[in-house]
Amino acid sequence: MIGWLAAHPWQGVIVAPFLGAAVAMAIPHARLSWAAALLALIGAAFIAADASLRSVAPHPADGASMFSAPLLAVLAALCAFAGGGALREMRASVAPFAMALALCIAGGWTFALLSADWIGLALGVETAWLASAALVALAEVKRGALNGALRMLASGGVAAALMLVGIGFVARATSSTEIAALLNADNAALCIAGLVVVLIALALKAGLAPLHVWAGAAFGSTGALASMFLGVVGLTGALALMVRVGAAAAAAPQLATGVEAMLAALGAASILIGSVQAMGAANVRRLAAYAFASQAGCVLLSVSLGSPAGFAAALVQMFALAAAMLALLGATAATRDASLQALDGLGRRHPVAGVAVTVGALSLMGAPLTIGFLGRWRLIEAAVGAGWWWVAGIALLASLAAVFYGGRLIERVYFRRAASVATLDKDPWRVLIAPTLAAAIFAIGLGVEPSVLLEASARAAAHMFGGAP
Amino acid sequence: MSVGLALLALLATPLAHAFAVLAFSRPPGLRDFVNIGFALAAAVLAIFVLNGVAAGESARIVLARPLPNVDLGFSLEPLGALSAVVVTGLGFIHAVHAVGVVRAAQEKAPARLMAFMALAMAAALAVAFSANLFSLFIAYQALILAAFPLVAHRGDEEARAAGRTFLATLLASSIVLLLPAMIGVYALAGALDFQAGGVLAGRVGVVGANVLLVLFVFGLAMAAMPPMHRWLTATTRAPYPTLVTVQALAVLPTGGLALLKVLAYVFGAALTTARASAIALLALACIGMCVAAAIALSRQDVRERLAYSCMAQGLAVVMGGLLALPAGLFAAALQIVATSCAATTLLMASGTVNAITGRTSVADFAGLGRVMPWTFAGFALASASMIGMPPFAGAWSRLWLITASASSDLVWAGALVGVAAVLTFAHLGPLAASAFAERAPADAFKRPDGASILLVAPVILSAAATLWVLVVADPLASFLSPVWTPP
Chain A
1 MIGWLAAHPW QGVIVAPFLG AAVAMAIPHA RLSWAAALLA LIGAAFIAAD ASLRSVAPHP
61 ADGASMFSAP LLAVLAALCA FAGGGALREM RASVAPFAMA LALCIAGGWT FALLSADWIG
121 LALGVETAWL ASAALVALAE VKRGALNGAL RMLASGGVAA ALMLVGIGFV ARATSSTEIA
181 ALLNADNAAL CIAGLVVVLI ALALKAGLAP LHVWAGAAFG STGALASMFL GVVGLTGALA
241 LMVRVGAAAA AAPQLATGVE AMLAALGAAS ILIGSVQAMG AANVRRLAAY AFASQAGCVL
301 LSVSLGSPAG FAAALVQMFA LAAAMLALLG ATAATRDASL QALDGLGRRH PVAGVAVTVG
361 ALSLMGAPLT IGFLGRWRLI EAAVGAGWWW VAGIALLASL AAVFYGGRLI ERVYFRRAAS
421 VATLDKDPWR VLIAPTLAAA IFAIGLGVEP SVLLEASARA AAHMFGGAP
Chain B
1 MSVGLALLAL LATPLAHAFA VLAFSRPPGL RDFVNIGFAL AAAVLAIFVL NGVAAGESAR
61 IVLARPLPNV DLGFSLEPLG ALSAVVVTGL GFIHAVHAVG VVRAAQEKAP ARLMAFMALA
121 MAAALAVAFS ANLFSLFIAY QALILAAFPL VAHRGDEEAR AAGRTFLATL LASSIVLLLP
181 AMIGVYALAG ALDFQAGGVL AGRVGVVGAN VLLVLFVFGL AMAAMPPMHR WLTATTRAPY
241 PTLVTVQALA VLPTGGLALL KVLAYVFGAA LTTARASAIA LLALACIGMC VAAAIALSRQ
301 DVRERLAYSC MAQGLAVVMG GLLALPAGLF AAALQIVATS CAATTLLMAS GTVNAITGRT
361 SVADFAGLGR VMPWTFAGFA LASASMIGMP PFAGAWSRLW LITASASSDL VWAGALVGVA
421 AVLTFAHLGP LAASAFAERA PADAFKRPDG ASILLVAPVI LSAAATLWVL VVADPLASFL
481 SPVWTPP
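So the sequences go chain by chain: A and B.
Our numbering puts the first residue of the first sequence at 1, with every later residue one more than the last.
Our numbering puts the first residue of the second sequence at 1, with every later residue one more than the last.
Warning: the hint list may mix true and false statements.
[What the hints assert, rightly or not] The calculated SDA-like cross-link candidates involving lysine to any residue, where the alpha carbons are at most 20 Å apart (straight line), are:
id	chain 1	residue 1	chain 2	residue 2
1	B	Lys108	B	Gly205
2	B	Lys108	B	Leu454
3	B	Lys108	A	Gly347
4	B	Lys108	B	Pro326
5	B	Lys108	B	Ala23
6	B	Lys108	B	Arg154
7	B	Lys108	B	Phe24
8	B	Lys108	A	Glu411
9	B	Lys108	A	Phe415
10	B	Lys108	B	Arg237
11	B	Lys108	B	Ala161
12	B	Lys108	A	Leu272
13	B	Lys108	B	Glu157
14	B	Lys108	B	Ala9
15	B	Lys108	B	Ile36
16	B	Lys108	B	Ser25
17	B	Lys108	B	Leu22
18	B	Lys108	B	Leu30
19	B	Lys108	A	Arg416
20	B	Lys108	A	Gly345
21	B	Lys108	B	Asp156
22	B	Lys108	A	Ala418
23	B	Lys108	B	Gly358
24	B	Lys108	A	Arg348
Since the hints were made in silico from the structure, they are not lab data.
No experiment lies behind these values; they were computed from the predicted model shown.
Kindly produce the complete structure, drawing on both the sequences and the hints.
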């Protein structure tokens with residue numbers, strides 16, 4: 001068994017969450033089910049980290065997967081850990097199903113990310129998406145979650161249709177369903193059209209503006225467990241897939257220009273629309289979703305540069321964004337209430353959650369000594385190097401907007417008093433949030449000594465372009 | 001103790017100060033003792049470091065390397081050492097005064113106020129000793145974040161609005177203007193380290209130099225260059241210890257210092273390449289200086305009047321730096337020292353008056369000099385320095401500013417310095433004079449025991465410091481000469 005895992009680590013990373021889901025669903029007790037799910041995800045994270053450290057690439061020239069799959073596995077394990085504190089929000093009989101769905105989300109995105117062909121990619125995406133919609137409905141904390149789930153199903157259905165059409169175009173143009181066959185595309189125009197359609201479908205699922213019609217309803221009314229898995233694992237997984245597809249297209253010179261133009265336009269639109277929506281949001285989870293749209297736009301702009309420096313910047317920013325989302329959504333899991341008013345005086349009532357919100361907000365702003373700053377710097381440096389000054393300008397606009405919505409969060413945490421006297425939360429499982437937030441803070445703290453992250457992103461970027469790591 | 005260790009201790013002391021004040025917030029006596037003790041320790045360490053720099057010693061501390069070829073580091077250099085002595089020396093005096101004010105005015109959350117004042121001082125020192133543009137940027141951002149709670153300290157809607165203006169103006173300008181300027185320097189020079197003579201010298205074209213200069217001058221909004229000065233005038237309703245920290249000690253002077261470091265160590269000789277924008281910015285600074293002094297004349301609230309007066313003085317620093325001459329840089333450095341001493345005195349004196357009499361209106365100051373002679377003696381001396389009357393500190397910086405303007409064939413700039421001095425006389429002179437000349441009010445004090453020694457002695461001490469520059473002007477010129485002399 002161990003020998004097989006050592007030889008085929010990435011298969012283990014895919015299988016572990018699905019096996020864990022089956023076990024978690026079979027256990028009728030909520031806490032035991034959670035423990036089984038957590039063990040499965042920790043196992044997957046360990047195998048993925050080991051494979052990545054040993055530089056075992058899932059496929060030739062696939063640096064994006066090598067970087068993103070371990071990140072996704074670790075994020076899923078951390079979300080599951082914090083999910084233990086959020087189980088109190090749902091009925092005990094529902095909890096095993098919720099944990100199983102959460103594991104399916106992690107497994108689905110990982111499968112899509114590690115798949116060598118388009119069919120596997122589509123299958124993984126749809127598995128994760130359907131599980132996400134079901135979890136949103138199941139983890140309802142106020143009326144409207146079902147509406148959010150239905151919106152996800154409807155928009156996801158459109159995205160699935162688009163993805164199949166796009167894959168059909170690409171398969172026709174390359175005479176193959178292998179992703180690596182993009183390099184040999186006979187009909188470049190058809191292939192670009194197919195890739196653009198696939199990327200639009202993925203953008204919808206990554207919550208990129210203006211395609212994120214489902215995000216407000218889903219995040220605004222669901223519970224902490226669903227929002228963490230959807231916001232941290234789901235959105236990051238979809239974004240990582242976009243980076244992977246973008247990298248595959250960038251490696252094929254005849255496809256690069258068209259796909260990069262589309263990514264640049266989508267990235268710029270997402271930054272502008274997402275920033276405006278985040279500034280007006282009155283719910284922390286919605287704000288986080290819109291902020292993700294804005295910041296993910298910066299990731300797409302980095303990818304659109306089409307250079308190894310751009311891809312390295314994209315990976316660093318994706319890492320930073322995932323850490324910030326984990327901190328923000330983890331903190332709302334601790335507060336039980338996702339409204340902005342619930343943050344008033346949080347620094348006094350729940351210092352750990354207050355610190356998490358602050359650090360997450362600072363990273364979104366791109367404040368110095370956070371990974372967010374490093375990612376933004378890398379993007380601007382790469383953009384200036386390529387002569388794309390407008391990209392640098394838009395990235396700065398994203399930071400400026402983040403100052404407003406992030407500053408609003410920090411002001412509420414430390415400079416406002418709670419409207420009503422908060423009751424002391426005596427649930428001992430609440431402390432499970434602390435290691436998750438500590439992990440997010442540690443990840444953001446990599447901004448002080450980022451050499452490991454920079455090296456990993458540079459190695460992955462070199463892999464994408466077929467160079468030596 | 002080595003000078004490197006002293007530098008590390010100096011940077012760490014205000015941080016320890018902040019945590020200690022919060023840890024020992026009760027009883028009040030212990031809190032106040034800790035507050036004054038740490039401020040004194042920082043001042044002593046700063047003098048030790050200054051002596052080390054004067055003796056030719058050097059030191060560099062590297063905390064991290066977040067980017068290739070870019071350290072988060074601090075190093076010794078004359079401008080930073082001088083600024084550190086001024087900030088910590090006046091900071092010690094202000095720590096004593098702040099203790100008196102929070103006791104007399106019964107300011108809420110005094111430990112928090114003192115802690116964030118210490119954090120602001122820490123960030124100001126970090127700016128002063130920053131070894132490169134990246135470290136300066138980080139310390140500058142830290143200063144914004146540390147000063148924001150001071151501005152919003154009272155927590156009411158007015159304070160929150162002021163805090164938002166403060167944060168939005170300074171953070172937005174630093175992200176939208178200063179950060180691209182820093183990246184531009186990195187793209188051109190491949191490094192961000194400060195070096196005498198300018199890291200950009202010989203590496204930047206005319207367009208690049210002009211664009212970068214504009215980005216730096218407006219990006220460093222703490223220097224209060226119009227129209228980026230809104231943060232300064234928005235803070236006038238904050239508690240007096242905040243006003244001293246923001247306008248006289250940590251924020252406004254640090255803006256000027258950061259700009260001087262950029263002009264001397266990043267541009268250096270390249271400033272002549274950016275002559276077109278330098279002249280335009282110089283004109284804006286000169287006009288802004290006169291307009292700010294004129295607006296101050298129209299304000300009837302002492303806090304607003306002093307805010308505009310400090311802004312006018314701060315713009316004189318910008319002006320000196322932009323003159324692109326050693327004489328201009330020296331004048332700007334002197335101006336930072338003079339403004340810090342005088343503005344600290346004026347604001348502390350006003351704080352004493354407010355704490356004891358509850359008065360903030362200009363008209364209500366009439367006759368108070370007769371019942372608070374020591375406080376208003378300090379007020380008058382500081383006013384004379386702000387106006388530029390010999391032999392006070394402000395006179396020498398003005399003299400050098402006018403000399404540098406004439407040497408640059410910019411006589412109009414020198415003339416505008418004179419106009420600003422006249423306007424400063426108009427808004428501060430009558431205020432100080434009427435305090436002594438008018439009849440004393442019958443109901444002067446709201447506190448029956450008058451002002452305590454904690455409120456009066458600091459005013460006298462900092463007023464005396466305005467005479468200090470008279471004694472040390474010549475040694476200062478040779479001490480600062482490495483700033484404009486390439487190695």
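### Message
Of the numbered hints stated earlier in the document, which are not met by this structure?
### Response
1, 4, 12 and 14
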